[in-house]
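Assemble the whole structure, with the sequences as input and the hints as a guide.
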Amino acid sequence: MKTFDYRRADSPAAAVGAAAAARTRYIAGGTNLLDLMKLQIETPERLVDINRLDLHDVEDVADGGLRIGALVPNSDLAAHPAVRERYPLLSSALLAGASGQLRNKATTGGNLLQRTRCYYFYDTATRCNKRDPGSGCSAREGVNRILAVLGTSDQCIASHPSDMAVAMRALEATIVTLTPAGATRRLAIGELYRLPGDTPHIETVLEPGELITHVELPPPPPGRQLYRKVRDRASYAFALVSVAGAVAVEAGEIRAARLAFGGIGTMPWRDPAVEAALIGQAPGRPAFEAAADALLRDARGHGSNDFKLPLARRTLVACLAELTRETGR
Amino acid sequence: MRIRINGDTHEVDVDVRTSLLDLLREHLGLTGSKKGCDHGQCGACTVLINGRRINSCLTLAVMHDDDEIVTIEGLGSPAALHPLQAAFVRHDGFQCGYCTPGQICSAVGMLDEVAKGWPSLVSEPGTDAVALTDEEIRERMSGNLCRCSAYPNIVDAIRDVAGAGA
Ligand SMILES: Cc1cc2nc3c(=O)[nH]c(=O)nc-3n(C[C@H](O)[C@H](O)[C@H](O)COP(=O)(O)OP(=O)(O)OC[C@H]3O[C@@H](n4cnc5c(N)ncnc54)[C@H](O)[C@@H]3O)c2cc1C
Ligand code: SF4
Ligand code: FES
Ligand code: FES
Numbered sequence: 526m527k528t529f530d531y532r533r534a535d536s537p538a539a540a541v542g543a544a545a546a547a548r549t550r551y552i553a554g555g556t557n558l559l560d561l562m563k564l565q566i567e568t569p570e571r572l573v574d575i576n577r578l579d580l581h582d583v584e585d586v587a588d589g590g591l592r593i594g595a596l597v598p599n600s601d602l603a604a605h606p607a608v609r610e611r612y613p614l615l616s617s618a619l620l621a622g623a624s625g626q627l628r629n630k631a632t633t634g635g636n637l638l639q640r641t642r643c644y645y646f647y648d649t650a651t652r653c654n655k656r657d658p659g660s661g662c663s664a665r666e667g668v669n670r671i672l673a674v675l676g677t678s679d680q681c682i683a684s685h686p687s688d689m690a691v692a693m694r695a696l697e698a699t700i701v702t703l704t705p706a707g708a709t710r711r712l713a714i715g716e717l718y719r720l721p722g723d724t725p726h727i728e729t730v731l732e733p734g735e736l737i738t739h740v741e742l743p744p745p746p747p748g749r750q751l752y753r754k755v756r757d758r759a760s761y762a763f764a765l766v767s768v769a770g771a772v773a774v775e776a777g778e779i780r781a782a783r784l785a786f787g788g789i790g791t792m793p794w795r796d797p798a799v800e801a802a803l804i805g806q807a808p809g810r811p812a813f814e815a816a817a818d819a820l821l822r823d824a825r826g827h828g829s830n831d832f833k834l835p836l837a838r839r840t841l842v843a844c845l846a847e848l849t850r851e852t853g854r
Numbered sequence: 003m004r005i006r007i008n009g010d011t012h013e014v015d016v017d018v019r020t021s022l023l024d025l026l027r028e029h030l031g032l033t034g035s036k037k038g039c040d041h042g043q044c045g046a047c048t049v050l051i052n053g054r055r056i057n058s059c060l061t062l063a064v065m066h067d068d069d070e071i072v073t074i075e076g077l078g079s080p081a082a083l084h085p086l087q088a089a090f091v092r093h094d095g096f097q098c099g100y101c102t103p104g105q106i107c108s109a110v111g112m113l114d115e116v117a118k119g120w121p122s123l124v125s126e127p128g129t130d131a132v133a134l135t136d137e138e139i140r141e142r143m144s145g146n147l148c149r150c151s152a153y154p155n156i157v158d159a160i161r162d163v164a165g166a167g168a
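Protein chains in written order, with this note's numbering: chain A, 526 to 854; chain B, 3 to 168.
One should not assume that every hint holds.
[To be verified] Over 12 Å on every C-beta distance to chain A, these chain B residues come out as not near it, computed from the model:
#1 Thr11
#2 Arg54
#3 Glu70
#4 Arg92
#5 Gln97
#6 Gly104
#7 Arg149
#8 Gly165
[Stated by the list, open to error] DSSO-like cross-link-like pairs, simulated, lysine-lysine; straight-line CA separation at most 30 Å:
#9 Lys563(A) - Lys118(B)
#10 Lys37(B) - Lys527(A)
#11 Lys527(A) - Lys563(A)
[What the hints assert, rightly or not] Some chain A residues judged to face chain B by a derived CB distance under 10 Å, without partners named:
#12 Gly554
#13 Asp574
#14 Asn576
#15 Asp601
#16 Arg609
Worth flagging that the hints you see were computed from the coordinates, not collected in a lab. Don't be surprised by glycine CBs; every beta carbon is placed ideally from N, CA and C.
Have a look at this one:
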């Protein structure tokens with residue numbers, strides 16, 4: 526690990542001030558950043574420890590939503606009564622991620638900004654445009670089993686690894702930040718992430734030194750919720766495909782649908798066409814297949830991840846069946 | 003910096019890069035916590051910080067001044083084993099023993115999470131009282147790998163203590 530200057534901030538304003546220096550990173554749980562620093566994939570010259578900022582609370586908002594401090598650990602958020610009751614898909618997504626120990630450390634803000642698990646990104650002996658811009662992408666022609674089939678570019682096909690962010694995308698979360706200029710900024714979660722395009726090393730629209738302070742959830746969507754994660758092991762593995770869904774059925778018709786996807790996109794994925802294919806339709810195979818067609822219309826495999834196309838289809842169809850299943854009365 | 007470990011206060015002078023695990027093992031001679039992967043993947047380095055289980059390889063020592071750390075050395079002694087240590091011996095919950103300190107610290111933290119009613123991925127939604135089935139134990143302990151695959155006996159040991167204590 527390269528050495529760095531360690532600072533501890535006691536207020537968001539102080540944190541942003543300390544982060545004004547070049548090559549600074551905030552450290553929250555440290556579970557992604559330190560992993561990458563040990564491999565010298567991240568080489569910050571300054572670390573600003575934000576753990577003592579007063580951003581550890583989950584609060585009810587008057588409109589029926591929830592305001593989550595950026596430092597709330599993943600395990601506390603998953604166990605929070607309001608999350609379990611009103612946003613069960615978020616609780617499940619958090620519990621599907623990492624391990625008990627990691628969730629105790631991993632924070633809401635850090636989870637959003639965790640970096641890809643692409644093997645070549647981690648292997649400094651290989652070419653990777655994300656790690657070393659302009660060097661090439663070893664994954665396109667290499668082992669890309671875990672990588673993306675949607676949102677990719679010639680430069681990078683890395684999948685976004687977060688489970689929590691997929692749930693938050695389905696829940697239409699807003700990311701609240703403090704900018705280096707001291708202003709509060711609010712971003713829909715879909716606006717936070719950037720597609721790789723020609724600059725895969727730039728993953729979000731955040732400015733250097735911009736601090737995530739909160740994540741706000743609007744009131745829960747109507748209907749039943751679920752998060753389903755398909756992976757190589759039953760536990761403690763990243764998603765190959767995941768689906769976060771909330772669907773409401775009334776009088777035999779799908780009235781509302783929110784669907785977001787993990788494992789298949791270069792960012793936590795949501796496509797309005799998928800939801801449009803369902804609204805007003807009777808729950809059933811034709812509507813579910815149409816939704817999958819919409820999701821995968823531009824999807825492209827790269828060899829060892831080709832299986833994700835049929836897997837995403839089957840997972841989506843199974844989730845929709847579950848979400849719309851009539852419960853015995 | 004000042005750090006509290008197993009009830010003792012230590013004044014230490016460490017490089018900012020030092021992980022909590024390296025502080026314990028290399029600076030303080032507390033070699034019970036093991037280094038398996040050094041990347042958060044195996045759980046051998048699990049310790050308790052203010053009662054919560056974490057991977058000590060993925061946190062910096064400097065981030066923990068004034069925190070209360072408990073390692074395997076602080077849970078019990080050869081003369082007075084912690085109930086989980088005794089249960090691991092009774093049930094043969096290890097072969098080489100390398101993962102065992104992490105397994106036991108993790109199980110201590112895990113049982114506390116269960117007592118607080120924290121759900122797991124396999125818990126029945128909407129219930130606060132967790133029924134600690136074998137499936138629950140396996141899911142909640144999935145961050146602790148065992149190369150010797152002593153898993154069945156590890157589950158037996160934890161179930162034994164949970165049944166007695168809860
Ligand atoms: C073995 C292993 C398995 C895992 N499995 C999963 C899994 O299955 N699913 C999953 O979703 N995740 C998984 N993870 C990843 C884990 O969820 C992330 O490491 C964690 O959420 C990151 O949070 P953190 O607080 O530790 O972030 P840190 O490591 O502290 O920070 C990550 C990044 O975010 C920045 N940052 C942190 N907080 C802020 C803030 N408030 N404002 C601005 N920038 C900030 C940091 O500068 C850094 O760049 C796994 C990790 C490991 C090691
Ligand atoms: S897919 Fe992206 S992260 Fe992986 S090697 Fe290619 S450029 Fe790097
Ligand atoms: S050594 Fe820390 S998890 Fe493996
Ligand atoms: S007993 Fe050998 S690794 Fe678990």
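Hint by hint, here is what the structure shows:
no. : hint                  : verdict
1   : Thr11                 : 20 Å, holds
2   : Arg54                 : 5 Å, violated
3   : Glu70                 : 14 Å, holds
4   : Arg92                 : 24 Å, holds
5   : Gln97                 : 21 Å, holds
6   : Gly104                : 9 Å, violated
7   : Arg149                : 15 Å, holds
8   : Gly165                : 20 Å, holds
9   : Lys563(A) - Lys118(B) : 34 Å, violated
10  : Lys37(B) - Lys527(A)  : 20 Å, holds
11  : Lys527(A) - Lys563(A) : 8 Å, holds
12  : Gly554                : 8 Å, holds
13  : Asp574                : 6 Å, holds
14  : Asn576                : 6 Å, holds
15  : Asp601                : 9 Å, holds
16  : Arg609                : 7 Å, holds
Checked against the numbered hints above, the structure violates hints 2, 6, 9; every other hint is satisfied.
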